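Undergrad: Next come the chains, spelled out residue by residue.
Number of protein chains: 4
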Amino acid sequence: MAIRKLKVGIVGLGGVGTVHLEAYRGSPAVEVAAAAEIDAAKLDAAASRHGFKPYADFHRMLAGESLDLVVVATPVATHEEVTIAAARAGRHVLCEKPLAVEAAAAKRMIAACTQAGVTLFYGATYRQLPALRRARDLIAEGAIGDVLLMREQEVGGTGPDGRQIMGFAHYPKGGPGGSGFGLVDHGIHLIDAFGWLAGSTVATVFGRGNISGADPASEYLLMNVRNGALGHLLYEDSTFPTALPGEGLFSWGAGWSIDGYLPPGAWQATPGSIHVHGTKGALRIFHYAHALFLTDKDGTRQIELEGRAAPGHFTAQVESCARSILDGAPVEVPGEAGLAAREVVEAAYRSVEMKQVVTVDGG
Amino acid sequence: MAIRKLKVGIVGLGGVGTVHLEAYRGSPAVEVAAAAEIDAAKLDAAASRHGFKPYADFHRMLAGESLDLVVVATPVATHEEVTIAAARAGRHVLCEKPLAVEAAAAKRMIAACTQAGVTLFYGATYRQLPALRRARDLIAEGAIGDVLLMREQEVGGTGPDGRQIMGFAHYPKGGPGGSGFGLVDHGIHLIDAFGWLAGSTVATVFGRGNISGADPASEYLLMNVRNGALGHLLYEDSTFPTALPGEGLFSWGAGWSIDGYLPPGAWQATPGSIHVHGTKGALRIFHYAHALFLTDKDGTRQIELEGRAAPGHFTAQVESCARSILDGAPVEVPGEAGLAAREVVEAAYRSVEMKQVVTVDGG
Amino acid sequence: MAIRKLKVGIVGLGGVGTVHLEAYRGSPAVEVAAAAEIDAAKLDAAASRHGFKPYADFHRMLAGESLDLVVVATPVATHEEVTIAAARAGRHVLCEKPLAVEAAAAKRMIAACTQAGVTLFYGATYRQLPALRRARDLIAEGAIGDVLLMREQEVGGTGPDGRQIMGFAHYPKGGPGGSGFGLVDHGIHLIDAFGWLAGSTVATVFGRGNISGADPASEYLLMNVRNGALGHLLYEDSTFPTALPGEGLFSWGAGWSIDGYLPPGAWQATPGSIHVHGTKGALRIFHYAHALFLTDKDGTRQIELEGRAAPGHFTAQVESCARSILDGAPVEVPGEAGLAAREVVEAAYRSVEMKQVVTVDGG
Amino acid sequence: MAIRKLKVGIVGLGGVGTVHLEAYRGSPAVEVAAAAEIDAAKLDAAASRHGFKPYADFHRMLAGESLDLVVVATPVATHEEVTIAAARAGRHVLCEKPLAVEAAAAKRMIAACTQAGVTLFYGATYRQLPALRRARDLIAEGAIGDVLLMREQEVGGTGPDGRQIMGFAHYPKGGPGGSGFGLVDHGIHLIDAFGWLAGSTVATVFGRGNISGADPASEYLLMNVRNGALGHLLYEDSTFPTALPGEGLFSWGAGWSIDGYLPPGAWQATPGSIHVHGTKGALRIFHYAHALFLTDKDGTRQIELEGRAAPGHFTAQVESCARSILDGAPVEVPGEAGLAAREVVEAAYRSVEMKQVVTVDGG
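Chains as they are written, first to last, in our numbering: chain A, 1 to 363; chain B, 1001 to 1363; chain C, 2001 to 2363; chain D, 3001 to 3363.
One chain only, chain A, in its complex shape (with noise of 0.2 Å):
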């Protein structure tokens, strides 16, 4: 355990911003020292509920703190830029996903933080989740066998006027309009998730994803990883859900949505869920309800989890960048985690326009 707190800035106070502030709070392990917004009214409010230093321009507060981690949490088209600049700073880095904007920038960052000689930490929060955790142990542990298949899919909403709006400053090549939900936003988190927990990485894919943001469509990528395992993703926001009623859970984590967090204990209608197939057993994991089933020949079990629910992933984040920073761990997820994942998309994109399997760039 380190002797002293990680001293943190943030960037970026919106919707994740915020979450990770709050997260942070309880924290032995950090202290928000500082943080920089735009929007001076969220700034205010937050500062004041923080007790942290506002910074309008990130600029000055790279110049002014001596921060030990800047966490990049501003649109994703500003990501290169602000993780660059902490760099140069001298500041480690955590980014929030997707990394960036395409790959190509993606690896400008990573270059920027070796030449800096800082840590660029990834945030793929869902390797924090306890249901992800555990079913990644148990798996290898060899509770499921081999693992032939992974798959998530959220197919829901309340039809097309009620499809979730992302902004294009999401997409490589994003114009006027909007988008929904789908492998760029949502998705980036399983091609990194599926990968981790089959212990390989994704050779090929082939795949549909929204490459502009417009004309929003169901997306869904097939994953052909490296050591046989396939993963397979579905997303489609614009329709209604087919869960039945009896088939929702009492979720004791959050439910990610623009009203926020769910009350522990509250029933969810239709959680999410990832599946995970194997030879010997499959493990069904409710990542932010918390809970995580297995079934194998001896029928199916809930099984117990440690750590805290959702939010508390982004805490067990931040602590884990601590560790590393201050007591020299391994780096849990570093920036190329990150890079891999803004590939399989690309992949995806190039599949949709070649109509075909697309080898994975550096997969």
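Don't read these hints as lab results, they were simulated from the structure. You may find that some hints are simply not true.
[Stated by the list, open to error] Listed below are the simulated DSSO-like cross-link pairs for lysine-lysine, each with C-alpha atoms no more than 27 Å apart in a straight line:
1. B:Lys1297 / A:Lys355
2. D:Lys3297 / B:Lys1297
3. A:Lys297 / C:Lys2297
4. C:Lys2005 / C:Lys2107
5. D:Lys3355 / C:Lys2355
Source: prediction; values computed, not measured.
Based on the hints, put chains B, C and D in the right spot on chain A.
TA: Below, chains B, C and D alone, put in the same frame as chain A:
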């Protein structure tokens, strides 16, 4: 209503042939006059139970009986031979799915029936399941708006040793060995049903299917339907399921298995279901369990079904043939539908080899 | 089948009178020729919708119409007056439950009908619910062996402020104020049904019931049925339920409430049910939700139901009256059944005062 | 925290004695120094597994060991003899439920302990179950307002042949034969727990209980708690359950059975639960399954539990004794609570004979 019963002869009294025989028993529209089966013990047992005239050789049956309809329920590799012989004998034919081992054979069967002036009916029994028929009607009435996505996934089993084995007679390149549940045997139902539900046909596909029956692996199929809908199938029967106990359903229909049908009202832990998602609502179709649910802006509700649950769809199918043959009603599912489904599977096979999206022949 | 429709007049077009009116609408066996109601607006609206002859005064209706059957759907305190007047006018009577405010009045009603040579039918609608009828048949066939225990519990609501209020006209000692859901209004159905299900009658009771409608509190009734079965009722509507979300059911029948009936196939979070336990099996009867489940040594399964879900039991009831009146069929539920149920409630009242087991009068 | 471990001797190593032994194993607060058991094989096996000093005769154990606490886990008919002998030997006593075969014996046990200056602890293990403790705290905080109704029902089994048999040693008038599950063995937990949950005591009862262990039948108990709440118990184990498959629960605690405890996270089809209904909300307590749900105007939610699931409540119980004996903490459950529960059961016995409400002695 016809003034006489349809006179039927069945060729093949294996699993599915027996289902036909049993399902026809109570029908006022048909009479099983004869059946042919090479296994003498099976033939005798069925003949004494059902009172038809038994034949060891189907050629003799065709020569000796003035049948209205020959039902082809032999292994798929022999469908062509039996169908063409029946057509030449001047009999209408109802041929089980898949229509043939390859599209070329299916075309020869259609041509032979056309030439002989008889009708080739394709055994797309899913179209006779009440839950699917009601779903199609709701879609046609606009209850879920435009169809965006249709999906079926059967991922479960009891590990590799429990894999369901089909003979190589199912595969165009079959050799020694055997293989599992997948597109060619089960998925071929959905390939037909998705086009029928969406009121369109499949234009292009990407998939993974097993052309030879060797090396069983997860099979999937992405179908781009002409009217813009996406169809998605995923099959893996050599793993374990991820369903929770509360996700089951009381089933009013058959569970298809070697052990036969479930009693009505039995609890099924993992009932198969088809999901259809549209712009205004979504349908969850429990095709064998005989239940249908609609979710839209007003919530989720169960939809009442008329007609007989499985195996009543076999009865409904032959009664539909009787109406066409005796009363001149339009043919519900002609041989061409079987060819079309076969062509989609073959496109999936080519897609595996070419690692790309493939245009369906004649589609 | 009768050669003509039964000519019916309804007295009282409040909540339950309207249900009778609506339920009779589609029946081929009855015709509502007239109705009497003191609220002119209600009367006019119903008359223009249903096309019957309206009367402000039921005496005039009795004098002016040659009816086969008078349906008494007025507040319970007036059942005696209306029934006796109808009998004296020579009309058969179907009287809503509870038959009267006190047993003595019920006896006078029975006597008046006997003297006038007309039949008094008791409105035990639960006996017409398909789930209950099927349960009774299964019990009679020995499906659950000897009945040991029958129970119904309705414990729920939204706290004391949400208590369902009934007028004091329901109670023999009613005074100013009002009271809640309990034995006298709801339980009286089960008192009748338990004897009918067990094929016996109630010998002694211990209970807590509300004789005056003041001081509402949890009501219960323990019934010792002559053939050895134990009946158990428990009602409390001024608290909250303890059901979990997954314990609900898709309901095919009506939910009885001020807001009227549920649409068919609606999910009901806390559907009322009756439990019948025997030596060889147990039944769970969802009487309004139109579902029935049997558990025995072979497990739990759903039992198929014929007939119409609620409010179809009102139609079935009047059609049963029509068969008795026009075709001479035996009377299914005579007035004596209503008297017997009333005597059980009064025994419960005496039990409260005497704090002891009470023998049911005439039981 | 005490500076030394509590030195414990157990008398009786049958079913519940073994549970005590196993549950104490991991506790930092107690040490099982000795145990007495007349079955030599059981004694030897347990001694070699747990390392205590074995005694065939408990009198020798009392004479030979300087124990802090004697745990009485013998058949109930011998509780008096063992407890009084232990008290006279100057040992504190933790006596299993029911405290004695009759209230008079319980009083003699209390008197003997008082005279010897030792504490008699009553084994009301339900008070140590986390779900019940949390429920009691919520009630005390006003979360459900005033308690109106508490109920537990265990109605199920596999018919008369599957009835759970207890020796006649449980009954004050026991003779040859045996009997089933009911008030005296299981219900006595709830009799204690209901008063404790409601913060009051039982004033009067009406019930049906088995005084002799002959003629097993459904047992029930209606309890009028001094502060106005109604307690209601109903037990029948010689029939079948009426629960539906989806009404089960993943259980984190023990299922109490001859076959022992369930593994954690196992699905339980019919988990026992206690319902507590108040004016502002209601609690569903799955005491062994280790789950708690609150329903109020804001809906239903699961409540987080601390502490160890069953059989951890046996550990918690002995640790509570240790705190009282070594640290002077107040006695949580004195022998008087066991006497009070016994007096309620005896009032139930009298109620059967007198067919009336009975005032609880000393209540």
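Undergrad: For every hint, state whether the structure bears it out.
TA: Hints, one by one, checked against the model:
For the given pair, Lys1297 (chain B) sits about 35 Å from Lys355 (chain A) by alpha-carbon distance, which is inconsistent with the 27 Å threshold. Note on Lys3297 (chain D) and Lys1297 (chain B): the hinted pairing holds, with a Cα-Cα distance of about 24 Å set against a maximum of 27 Å. Distance check on the hinted pair: Lys297 (chain A) and Lys2297 (chain C) sit about 24 Å apart at the alpha-carbon level, within 27 Å; holds. Distance check on the hinted pair: Lys2005 (chain C) and Lys2107 (chain C) sit about 30 Å apart at the alpha-carbon level, beyond 27 Å; violated.
For a cut-off of 27 Å, the pair hint linking Lys3355 (chain D) to Lys2355 (chain C) stands: about 9 Å separates their Cα positions.
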